[in-house]
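With these hints in hand, go ahead and build the complete structure from the sequences.
Protein chains in written order, with numbering that gives the first Met the number 0: chain Z, 0 to 350; chain A, 0 to 350; chain R, 0 to 350.
Calculated from the structure, these hints are not laboratory results. Check the hints yourself; a few may be wrong.
Just the calculated beta-carbon pair ranges, DEER-fashion [claimed, not checked]:
1) A:Lys51 with Z:Gly74: 31 to 39 Å
2) R:Arg191 with Z:Glu112: 26 to 34 Å
3) A:Lys328 with R:Arg191: 34 to 42 Å
4) A:Pro90 with Z:Glu112: 57 to 65 Å
Facing chain R, from chain Z, some residues (calculated, C-beta under 7 Å) [what the hints assert, rightly or not]:
5) Gly25
6) Thr28
7) Ser118
8) Asp230
9) Gln286
10) Arg324
11) Leu327
12) Val334
Note that the structure is predicted; figures quoted are calculated from it, not measured. C-beta atoms are modelled at their ideal positions from N, C-alpha and C, and glycine is treated no differently.
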Amino acid sequence: MMISLGEIAELVEGRLSGDPLLPITGTATIRDAIAGQITLVDKQKLIPQLLKSSASAAIVAEGIEPSGLPFITVGDVHRSFAKITTYFQPPRARGVAGISPRAEIHETASIGEGCDIHSDATIGEGVVIGKRSIIHPGVRIMSGCRIGDDVTIFPNTVLYENTVVGDRSILHAGTVIGGYGFGYETVEGAHRLSAQLGNVEIGHDVEIGSGTTIDRGTYGPTTIGDGTKIDNLVMIAHNCRIGRHNIICSQVGIAGSCLTGDYVIMAGQVGIRDHITIGERAIIGAQAGVMSDVPAGAHYLGSPAMPEREQMHIFAAEARLPEMRRQLKALQRTVDELVAALNGKSQQDAA
Amino acid sequence: MMISLGEIAELVEGRLSGDPLLPITGTATIRDAIAGQITLVDKQKLIPQLLKSSASAAIVAEGIEPSGLPFITVGDVHRSFAKITTYFQPPRARGVAGISPRAEIHETASIGEGCDIHSDATIGEGVVIGKRSIIHPGVRIMSGCRIGDDVTIFPNTVLYENTVVGDRSILHAGTVIGGYGFGYETVEGAHRLSAQLGNVEIGHDVEIGSGTTIDRGTYGPTTIGDGTKIDNLVMIAHNCRIGRHNIICSQVGIAGSCLTGDYVIMAGQVGIRDHITIGERAIIGAQAGVMSDVPAGAHYLGSPAMPEREQMHIFAAEARLPEMRRQLKALQRTVDELVAALNGKSQQDAA
Amino acid sequence: MMISLGEIAELVEGRLSGDPLLPITGTATIRDAIAGQITLVDKQKLIPQLLKSSASAAIVAEGIEPSGLPFITVGDVHRSFAKITTYFQPPRARGVAGISPRAEIHETASIGEGCDIHSDATIGEGVVIGKRSIIHPGVRIMSGCRIGDDVTIFPNTVLYENTVVGDRSILHAGTVIGGYGFGYETVEGAHRLSAQLGNVEIGHDVEIGSGTTIDRGTYGPTTIGDGTKIDNLVMIAHNCRIGRHNIICSQVGIAGSCLTGDYVIMAGQVGIRDHITIGERAIIGAQAGVMSDVPAGAHYLGSPAMPEREQMHIFAAEARLPEMRRQLKALQRTVDELVAALNGKSQQDAA
Chain Z
0 MMISLGEIAE LVEGRLSGDP LLPITGTATI RDAIAGQITL VDKQKLIPQL LKSSASAAIV
60 AEGIEPSGLP FITVGDVHRS FAKITTYFQP PRARGVAGIS PRAEIHETAS IGEGCDIHSD
120 ATIGEGVVIG KRSIIHPGVR IMSGCRIGDD VTIFPNTVLY ENTVVGDRSI LHAGTVIGGY
180 GFGYETVEGA HRLSAQLGNV EIGHDVEIGS GTTIDRGTYG PTTIGDGTKI DNLVMIAHNC
240 RIGRHNIICS QVGIAGSCLT GDYVIMAGQV GIRDHITIGE RAIIGAQAGV MSDVPAGAHY
300 LGSPAMPERE QMHIFAAEAR LPEMRRQLKA LQRTVDELVA ALNGKSQQDA A
Chain A
0 MMISLGEIAE LVEGRLSGDP LLPITGTATI RDAIAGQITL VDKQKLIPQL LKSSASAAIV
60 AEGIEPSGLP FITVGDVHRS FAKITTYFQP PRARGVAGIS PRAEIHETAS IGEGCDIHSD
120 ATIGEGVVIG KRSIIHPGVR IMSGCRIGDD VTIFPNTVLY ENTVVGDRSI LHAGTVIGGY
180 GFGYETVEGA HRLSAQLGNV EIGHDVEIGS GTTIDRGTYG PTTIGDGTKI DNLVMIAHNC
240 RIGRHNIICS QVGIAGSCLT GDYVIMAGQV GIRDHITIGE RAIIGAQAGV MSDVPAGAHY
300 LGSPAMPERE QMHIFAAEAR LPEMRRQLKA LQRTVDELVA ALNGKSQQDA A
Chain R
0 MMISLGEIAE LVEGRLSGDP LLPITGTATI RDAIAGQITL VDKQKLIPQL LKSSASAAIV
60 AEGIEPSGLP FITVGDVHRS FAKITTYFQP PRARGVAGIS PRAEIHETAS IGEGCDIHSD
120 ATIGEGVVIG KRSIIHPGVR IMSGCRIGDD VTIFPNTVLY ENTVVGDRSI LHAGTVIGGY
180 GFGYETVEGA HRLSAQLGNV EIGHDVEIGS GTTIDRGTYG PTTIGDGTKI DNLVMIAHNC
240 RIGRHNIICS QVGIAGSCLT GDYVIMAGQV GIRDHITIGE RAIIGAQAGV MSDVPAGAHY
300 LGSPAMPERE QMHIFAAEAR LPEMRRQLKA LQRTVDELVA ALNGKSQQDA A
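Given below as structure tokens:
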């Protein structure tokens, strides 16, 4: 497949600097681009890398003007680049999957119009699914779940009883929503499981990454707010209330009954102990271990976590610890000598 | 649905203080309760929260006497509250699922009476399943596995060859039991996989959380002791021997050939290096990295982990590190001046 | 089943010291061996443990000569021991599974000769699978994937569109390859998902552990090099380029766009921030948090990670921190007294 640079400029409604007849054979990022391909440059600092690459042209943001190769200036580099990439690799036509005869749908379930329910999906008693939702193969939706419109649930994901999923949410493969909360009381040497009468309620426009697990509440719901994005292999425990538009990166673990405000960000591998409240727009750095409440807007780091500013001072001091230790020893020696000398002198004086 | 407070007191065999005719419409925890609902108070310190809530009544533990709203005193608050919650949300009748014609069961497999084997479950050659066990949709039980009585295996869980599961154990969705151990020998630049001849043996009354993985032993079994509870996304490597009644929280990783005694507790995101022994009733704090054996009854914290008491002193000192660094610098200056002054003085004296 | 020690020596072509007629009933590792069983000793230091065990004989490496029980000396202890173990527990005949009528295979998919496609597997549009590959039950291979020869994909694993898997690679149960990358741009308060036009390309002889997730690239591929071994519950984010023959242990998390050289080793629970380059043969210690590039051959430890040597000094100093703090306080007191004394003396002198 081939298209001229001028046609690409038209496709993305961009401003072309260079030869409109130059043939372009595909797209690639800077590190992969070969001759004939167009790449993208969204930051000024990438220009040296671009000039060393084999790319034949670039889509650039306003104000970026690489010399030495033709470029197309656009308002939204990523949108435009995606459009061109899609031109070269058009997605397969989705086809009309509809409801597979190999899906198992309980007679009491209600499926909205335009849904795709793929083979080997299992839809339980009393489940309600809205319009145009896609349920991939091997998804298990247990009794009483309610799924909104335009939801996508990727293969082999499991929703336990009474899970709620809002409109336009995306659940990636292998996620497990609504398993039992990990709460026990020890009675005569055995751990007795707590009540498991709650469920999980996921808002609208939520995305949940592959292999993530969210446990049901004890008596009420565990909730995920609208617009929140959760990465792969995250664990959210029973009774948590996650706010709206949170960003929760991979392998984060949030223990039971935590609350987060809106627009909270947690970087990878963060751990939050149980019953913690995290204020809106707080940011928790990677691998932090949060042991106490975090105020709104605060940046926390470290394990145990503390305000970023304090933690950075501590990190800096830790890096100097061996030096501090040597200094302390040397100082001790000097002071010991001083004391000895002065004692000696005092004795001399006294003599 | 509605029921009077007096009827609720009878249901839970509790002692009512307040109007027996008060109508109750449902249950909720304190933070969610609306007017008409009954909530629960298991700790004295929750009374202020209760009084600020909209709950119309409370189930309370012996000795807790909130003023200003009716309450029912019971011996076991959580049992009683669960009973009332279940009254308002009766579970769906389980129905008699029996053995689904859509399950694939090898002709040599033996299924005990009263089992439910759901659709799309796969039961391999020579598998033996006890009585009244429930195998949910999409569970894969490979050849030679032995499953006890009253076991529940939630959807899409995978048991590799020869896995053993004891009576009354619960395996949550998406767990993987018996995958290959991660052991390699490097031969001529390539990593050669070790023998994978062992299996996994899970005791009685064990619970395993969603997405957890337990690898098979090299030549013999990896074992999980009776009564041990394992949370979501935990990794237990080949040849481990986990004791009885352990509590292993989410995202813990235990490397190969570790041993734990009975009643060990590991908090979230703990990592244990290979070939470590952890004594009975030891407690390992969240995110700890255990690099050496832990004695029975010890509390360990930190990475590298050490006894909690020592680690708490170190954490406290770390928080003061920037201050210590300033103090050290100031002290150095003072001592330098002292030395200079004394040298000057000595020279004066000598002069 | 029983076999004489002499026959075992013949089976493994080893050198027997002891009674060739001794009957052997099975194999077990030292800690499990009972009378009648043969065990293995691959390190000199295990001899005391061997002598305390109930094993009746041992397979030993050249140069290890336990006294007090018969032994067989061999070149490769583990190979030999695996051979004997397999003699006692012969694997089930694999049978000719072929293509199950219960698998769902798209009419445009191409399946090589000698493949086993088990029941409930789903093979999408245009998928190409090489020769002798085994696709277990419940595996979902979405459209456009290309799978090599002699590949094994264990149950319930999911491959998103256009995933590539090289020859002889093994994917364990419940892994998810090719899910969306976790990249967002915040537009008017909502997080907008980045382009998801790339895929995942896995090389030859790669092994991927249970529950691991690898996300697709934004525009191009996320790649895993030939011979690389990845343990359970690992997360590899979009656009990463993992080198050849890497060893990536359990619960490691690698953020977007990282590069690793060949023969890199990462121990358990390591976290790598985005856009990091790790040089060939670098080793990253358990739970390390890598925030900057790591040179080839370096050993890094700690969070934030730094060269092992420096980090070990810091760990040592941290362990002494409470002592340093006491020393610093005492020193401060001494110096304060010195200063006071000297000031007093000066005043005396001046008087």
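(request) If any of the earlier hints don't hold here, list their numbers in rising order. (result) 1, 3, 4, 5
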